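**Student:** Residues per chain are reported as follows:
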Amino acid sequence: MAETTTHVAEPTRRDFLYIATGAAAAVGGATLVWPFVQSLAPDAATVAAGAPVEVDLTPIAEGQIVKVFWRGKLIFIRHRTAEEIKSAEDVNVASLRDPQADSARVKEGKPQWLIVYGNCTHLGCVPLGNSGEYNGWFCPCHGSVFDTSGRVRGGPAPINLPIPPYSFASDTKIIIGQEATA
Amino acid sequence: MSAHPTTYVPKSAFGKWFESRLPIAGLVHSSFIAFPVPRNLTYFWTFGAILVFMLVSQIVTGVFLAMYYTPNAGLAFQSVEHIMRDVNYGWLIRYLHANGASMFFVAVYIHIFRNFYYGSYKAPREVLYILGVIIFLLMMATAFMGYVLPWGQMSFWGATVITNLFSAIPVVGDTIVSYLWGGYSVGNPTLNRFFSLHYLLPFMIAGVVALHIWALHVPGQNNPTGIPIKSGKDAVPFTPYATIKDIFAVVVFMLFFAYWVFYMPNYLGHADNYIPANPAVTPAHIVPEWYFLPFYAILRAIPDKLGGVIAMGAAIVIWCFMPWLDTSKVRSTAYRPLYKQFFWLFVVVCVILGWLGSRPAEGWYVIASQICTVYYFAHFLIVLPVLGFVERPLPLPNSILESVMGVQKGGAGVPAGANPEPHSKG
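Heads up: the sequence lines are chains A and B, in that order.
Quick note on my numbering: the first sequence kicks off at 1 and runs consecutively.
Quick note on my numbering: the second sequence kicks off at 1 and runs consecutively.
None of these hints come from the bench; they were simulated from the model.
Each hint should be verified, as a subset may be incorrect.
[What the hints assert, rightly or not] Looking from chain B toward chain A, a few residues come up when the C-beta cut is under 7 Å (computed):
(1) Val161
(2) Asn164
(3) Ser178
(4) Gly182
(5) Gly183
(6) Gly187
(7) Ile286
(8) Trp290
(9) Lys305
(10) Ala361
(11) Glu362
(12) Gly363
No experiment lies behind these values; they were computed from the predicted model shown.
Note that CB positions come from ideal geometry on N, CA and C, so glycine has one too.
Full structure from sequences and hints, please.
**Tutor:** Pasting the structure below:
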């Protein structure tokens with residue numbers, strides 16, 4: 001044993017084979033992990049079920065908030081009153097935690113329609129509509145407060161309620177999951 | 001005590017034949033029969049055995065529940081009601097399993113605080129102790145995923161809140177969460193994988209428990225004095241002394257367990273979980289099971305999402321550093337008059353945090369949670385390191401025997417069996 005170790009300084013064909021075998025095993029093992037991790041991702045059926053959905057706005061009265069689902073995610077459609085629009089617009093944007101003007105959160109010419117994801121950006125609870133300090137939403141779980149534009153105004157939520165991709169097919173119909181291709 | 005004598009000698013010819021091929025009887029003999037146990041152990045040292053019993057109980061009841069349960073978002077709630085109403089003794093098996101989770105945590109918290117009090121985490125038991133923290137983390141994961149399976153309102157929203165914790169991770173958070181869910185929200189794929197993991201994790205716990213016991217049998221058990229076994233007179237053999245005491249403690253614990261199962265089976269649960277999961281409505285007040293409440297309070301105390309998640313994780317991870325944060329050379333708090341007060345203050349703070357976790361996150365509850373959270377971390381980061389330097393410990397007894405029998409005149413003349421009431425300190 002001692003005899004052979006003295007000659008190790010010179011790499012041999014055997015050293016090469018050891019390293020090559022080890023490298024192949026490491027790469028092979030790492031490669032094999034990939035399909036298992038990928039199997040955890042949303043599957044084809046789930047992705048297919050996430051096709052855009054149409055929502056008719058006609059039955060939604062002014063001041064009403066309607067809940068719809070797209071891709072299993074809750075979405076609020078809020079038909080805002082003039083007063084609610086005004087309070088959303090009359091905010092010093094720079095003072096917000098996640099600064100965003102109200103005009104950037106609605107489609108141009110449709111300020112009465114606010115469409116936002118319905119899960120609190122803190123830990124995903126459903127905030128209660130028409131409540132909280134700004135009469136927007138209040139999350140009962142951990143106390144996040146949102147205004148009538150769905151922007152975070154207090155509590156632990158880090159960002160505003162996000163806007164899902166959507167477009168107006170007509171004045172009274174929106175397609176959630178599809179942005180307008182202008 | 002790794003070199004404790006293996007006095008096992010197989011008697012039968014078959015015993016000899018078998019032992020020379022698989023020396024398992026010798027292993028059992030040296031670990032659970034001849035193994036020297038400090039003679040001054042109290043009933044606080046029986047919770048290891050109680051926890052083993054609870055793990056076995058959870059696995060047995062769980063295997064049976066899995067025969068009747070359907071892990072499908074459309075059928076899960078119904079199948080749990082089927083277990084409760086139609087399956088013979090299904091109500092009993094389910095109540096044993098659901099309350100068993102709480103009993104498991106009752107026992108583990110006593111076990112953990114016994115370890116904190118008597119300094120069992122200190123050298124040479126650091127690895128033993130860290131394996132215990134790992135078991136605790138696995139228990140938390142198992143309990144959480146088990147709570148999701150009935151697919152009631154608390155199941156669904158608990159799963160939503162906890163999986164959303166991972167979305168706090170910068171950049172990759174949202175991707176990780178969609179991989180946890182297997183979709184764009186908590187749904188059927190989530191339930192399926194949680195069921196799979198809920199069945200797997202207890203067996204991983206069993207594996208780590210084996211390591212935990214192995215690591216225990218190297219230095220041997222700590223004891224209320226914190227001083228090691230110095231001679232045979234300090235110890236008694238595991239069987240019958242510890243064996244019978246452990247069995248007795250398990251039986252008493254089973255009475256406690258049975259009280260909950262038969263008289264208040266739903267007290268520790270939430271009424272909301274008897275409402276089927278509804279992704280459009282959050283229960284008015286989402287609360288985790290009682291055993292998570294202190295950590296939940298810490299999560300909510302931090303007014304920042306990522307910060308809250310980090311603080312909650314750190315609240316447990318910091319335990320792993322205790323062997324090095326505690327600078328005192330004395331193990332047992334019985335000989336640390338100053339630390340004794342801080343220990344009980346820490347226990348009180350943990351209980352208050354638990355209570356705050358059950359309250360809504362508003363008003364002074366938030367401020368109280370923040371104060372308690374600061375103290376929780378200060379206990380580990382300030383009290384433990386500083387006290388070791390400023391505290392003057394009480395004199396330690398010379399041996400475990402002396403602590404039990406009093407100082408003996410003339411020294412070594414007492415035979416080990418001479419005490420007429422060897423368990424009076426029990």
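**Student:** Honestly, which of those hints from before does the structure not fit?
**Tutor:** 8, 12
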